[in-house]
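Q: Listed below are the residues making up each chain.
Number of protein chains: 2
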Amino acid sequence: MFDIPTYFLLSPIIAGVIGLVIAVILYFRVKAQPSGNETMNRIAGYIREGAMAFLVREYKVLSVYCVVVGIVLYFALGVVAAIWFVVGAVLSLLAGFVGMKAATFANVRTTQAAATSTKGNALLVALDGGAVMGLCVGGLGVLGLGAVYYCYNESAHLGTILHSFAVGASSIALFARIGGGIYTKAADVGADIAGKVIENIPEDDPRNPGVIADNVGDNVGDVAGMGADIYESMVAAIVSAMAIALTIEAQFLPALLTGEAATAEAARWIAISLPLVLSAVGLFISIIVIFMARALKNSKPANVLRLSLMLPPILLTLVCFIALPLFGISQNVTWALAAGAFGGALIGLVTEFYTAMRPIRLVAEAAITGAGTAVIRGLAVGMESVAVPMVIVVIAAYIADHMLGLYGIALAAVGMLAGTAVVMTVDAYGPIADNAGGISEMSGLPPHVREITDELDAVGNTTAAIGKGFAIGSATLTVLALFSAFNMEVNHVRLAAGMAKIQLDLTASGVLIGILLGSILPFLVGSTTMTAVGKAAGKIVQEIARQFKEIPGLREGKAEPEPARIVDIATSAALYEMILPGMIAVVAPVAIGFILGPQALAGMLAGSLAVGATMSLFMANAGGAWDNAKKFIEKGGLPGHKKGSDAHKAAVVGDTVGDPFKDTSGPGIAILIKVMSVVSLLIAQLIALK
Amino acid sequence: MFDIPTYFLLSPIIAGVIGLVIAVILYFRVKAQPSGNETMNRIAGYIREGAMAFLVREYKVLSVYCVVVGIVLYFALGVVAAIWFVVGAVLSLLAGFVGMKAATFANVRTTQAAATSTKGNALLVALDGGAVMGLCVGGLGVLGLGAVYYCYNESAHLGTILHSFAVGASSIALFARIGGGIYTKAADVGADIAGKVIENIPEDDPRNPGVIADNVGDNVGDVAGMGADIYESMVAAIVSAMAIALTIEAQFLPALLTGEAATAEAARWIAISLPLVLSAVGLFISIIVIFMARALKNSKPANVLRLSLMLPPILLTLVCFIALPLFGISQNVTWALAAGAFGGALIGLVTEFYTAMRPIRLVAEAAITGAGTAVIRGLAVGMESVAVPMVIVVIAAYIADHMLGLYGIALAAVGMLAGTAVVMTVDAYGPIADNAGGISEMSGLPPHVREITDELDAVGNTTAAIGKGFAIGSATLTVLALFSAFNMEVNHVRLAAGMAKIQLDLTASGVLIGILLGSILPFLVGSTTMTAVGKAAGKIVQEIARQFKEIPGLREGKAEPEPARIVDIATSAALYEMILPGMIAVVAPVAIGFILGPQALAGMLAGSLAVGATMSLFMANAGGAWDNAKKFIEKGGLPGHKKGSDAHKAAVVGDTVGDPFKDTSGPGIAILIKVMSVVSLLIAQLIALK
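For the protein sequence lines, the chains are A and B, in the order given.
The first sequence begins at 10 in the numbering used here and counts up one residue at a time.
The second sequence begins at 10 in the numbering used here and counts up one residue at a time.
Simulated from the structure, these hints should not be mistaken for lab results.
Quick caveat, the model's predicted, so the values are computed rather than measured.
A few of these clues could be false.
Note that identical chains are pooled: a pair holds if it fits in a single copy or bridges any two copies.
[What the hints assert, rightly or not] Straight-line C-alpha distance at most 27 Å; calculated BS3-like pairs for lysine-lysine:
(1) K306 with K69
(2) K544 with K651
(3) K699 with K510
(4) K306 with K652
(5) K548 with K40
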């Protein structure tokens, strides 16, 4: 038996612990910052309480889910699988909890820094708040999987345990993303419609009881939901690569090692270890980049953040290029990683183009002739934006496949997610800056404060788009890898049982039926989540209208609104409405797998990948384009069409449609295809012989 | 050599000729009807001239295309292939020409019948006008393919000639559908925006110079474009079934014949003949159903049309069930046909549900809170509407596959299209009734005339939705069959050359890359067509605004508008803008096939099928739901929200978005996947050995 080097086994754990220690230090550093006057603290308190109340209620629902699935796993796959499923889930919850706590401390402290200190210090507070989430996500992911590998690397059940861990992570991500997405957009759309249309009061006006819920939503959706999503992406990418390494037939094991003495067994164990070790290296690099960004706090915020997103791929490639030969590992690994890492960065830039450059001017101009043409143009931009990112994914996959076969594709996904901690830091920074602006407005601080927070917020919007591009690109690569891992696992079990390999020919009717069935699912998740946002927003509009009617003096600003009611309505609606789309993602692969067998399930994964990857890109980018077209008009981009003009109103309609597109349905579909693949991988051994 | 029975060879030709003779009789019958007063004739003349001018200019563009592709085919596949490619194309053009001529005679005569005779007679005129197109499409399709089969049934090149014919039909359908779709929706959206928003005058107001172009568009898009599309569907379904029968390996030839003496060769020739013979039977049945509908002219129009759409599947099943055993042919054929035929009818009913029943009430209610929520809800309805039709297609394919393997799937598509002539009759009826209403309004006829034409028009809208459901459902089945035919052809050539069968395993990287690339194409066609409509509509709005500014007295109704200018702008824009999406469909399979080989091309077809089938259903049904939600409000469906209310305006925004969705991009994507499959089938022999 090949001895895995101890530093391979330990490095993920060490990296994870270091990341978490820094997260804790930053957490207390954020909390120690001044938090402003009494009004600011009261408003921030509402937001924090609302966000935490949502999280607590969401976690209760998810506990039930975890217990049920845990019991099923206990009977189907044994106690160890059930335990690590729960651990995978709990670590996700933990990251969400700590990260959101930090974000809801950081928002008001960013406002206060903007009010009393420099823009650089305000940026720093927001960045630190985001980094808590970023390092928790990156640290817990690497630590958790590192622990599994350390404990079970000699167990025959390593694969099953890894899959269970990944299903735990995926399940939480699914519900957190969809529930958070419904919450944030229902509150946003509801508050907007009620405020702008029915009551005619400006955005973030303290009289509008929906504004607090809107700010809560930013945290719930873009911090907790996004965090669970990115944690899941990282876990799934690592697990898919390890699973492929575990089950690939020896003759396909690529020339991973360069030494003469390299054996197939050594290559296999190196292949199993590498994804985790490389992710540990990625975490170290991320920590360095985060500190570099902190040091550059006085530079232009947009440049700092963009640089932060682009550096990890470059550094990881450099490190691997220098270090891998020292361990006798082939440079093919470097190139596969680099294909993914640079592909991810490129996709981010393409996303930025479609959501921040010429296309948004076209959408804004289309708004001049009305809401109909604005919506049409935004949809057209979103559809067009699908092509280049998909081609980049194809090229990355092609290079990686050329270097190391299917294992290479999985490594490319690992490479794309190497900067997870940084991506998450920047993503969580966005809602903190957004909240900071809202708190400034609601507390009646002077305009120069809002100017600073607005600049920070605008940068956050762009980086959020880049982050979304990364997320969907990596999801596509990860699903490709998971898909391959699923098929290998099925064949592994079949060969062991003396059966022939599974027939996955494209013309087999089972495969074709699976493809067509799989193509339906993204549309179902899209439909249920869009409907959910519409329904929940409708309830919020009604409640806001009620408050304006029944609370005397509210319209005149003499009485306080009741934001807690809105928060409660949004929470209940989101938690209720997330169940249907969530169940589709979990139940569909299980049902198809057990009823129609692995052939149809493989087809279903391929069909939903094709539709899901493109639909989620389309929806995310169309939404981003509408959002920024509206802001473009607000900033005076269209001479003669100011804020409040008909063109602006038309652009607002586009933005309203874009809200659930980019923050609920688009991400929901992306996570759907990941969850289905992870669940399929887990049940592969149970259905392989069908 | 097995002797094909003469009645098998002759029946398609006889059926085609009979269909065409009846078409000619109905054509002259329509033309002989009274056409009303001078104003009516002048307006109808504008429409006819505009429609014919478009057709002539479109045909010039298409001639260039046909000559270029014909020359390419001459060098690649020989002179016979080139000739039959041109014949396949020319028959499509011919059907479009005659059918549109009939439709533009029938519209004003329907108005006149409504004004001076009974509703039943008005229905009859419109129905006869539609039947000319329906019988031309059905007759020319069966006759053309029948001629190929009659002449070349002993030729070794039968397959290539059939494929060439189908590519000719497909090419015309592609450009006619996309060009017509851009024209009709650019004119519709342009006239609506200019009329309702900029100039504030009602729909079909004679002062609006865009109204004539809008009425021209109905003919260009829904008669000529739809006709070419349906002609292509029928041809492609028959050719795919014949191609499978030609290339399927003998041992896979299903138990088609029941007799003891049945040989594999007899089974093969019966299998090759059946699709054409059954389509001939379908044409006979369609003729009977059309005459039945004419006889029922005084019944409720909605019932007459719905019955007409549902009868052909039932009658075809009955006829086959009784007749096939007499020829020693297995009932498996009946069940495969029935699966498709009833599946098509079911899909039509599901489409009607989503575009005419409860979902449109939900969209209308969402319009109360604004255009944003109306658009969101419509998109959600469209996404939801994908599921059931796709499941129906899967079940139909599953049954057909169970009966007769892949050949059965092709037969199911033939069965779904058995009522082609009826479907086309009902589809062409729609724009005739719509035009009749417009002519009545523009000629200032009394309100009771408009009431009758409005009722006829409303029925047409519903049946148009059913027809679209049929079209997309049959497209999906046809593409499944074409896809199988492509793979068989590739393997046929490879086996003949002593090579191994092509590897189409879902985990092969070439296949996966193809799937991902294929998933992009429907979005590109969606994007380019949506943008095209937006751009062309913008030009029309500008021209209308110019006319209102520069023509003195136009606003007061004292001067005439210049509709010809609008018609010219719409024509130029549509013909220019159709080129890019059209070229994508033709070039993509050729490029991928020759560069990446048949493995990637098969993957690409599968990827674009999964995305294209679902996207086109989504877009067609969302568009239908918005359209009817608007009409629901106009008819007073929402108490307190009349025509002109904010809710109605919000619904109009949805309708504007829905226009290119349902009549340009959705059908464009559906035809994209068919054209790519047909082109792939044609080039299969050239790339098989790569």
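Q: Taking the hints in turn, state whether each one holds.
A: For each hint, the structure was consulted:
no.: 1; hint: K306 with K69; result: neither (39 Å within a copy, 63 Å between copies)
no.: 2; hint: K544 with K651; result: between (31 Å within a copy, 23 Å between copies)
no.: 3; hint: K699 with K510; result: both (12 Å within a copy, 26 Å between copies)
no.: 4; hint: K306 with K652; result: neither (32 Å within a copy, 56 Å between copies)
no.: 5; hint: K548 with K40; result: neither (35 Å within a copy, 58 Å between copies)
The structure fails hints 1, 4, 5 (numbered hints given earlier, in ascending order).
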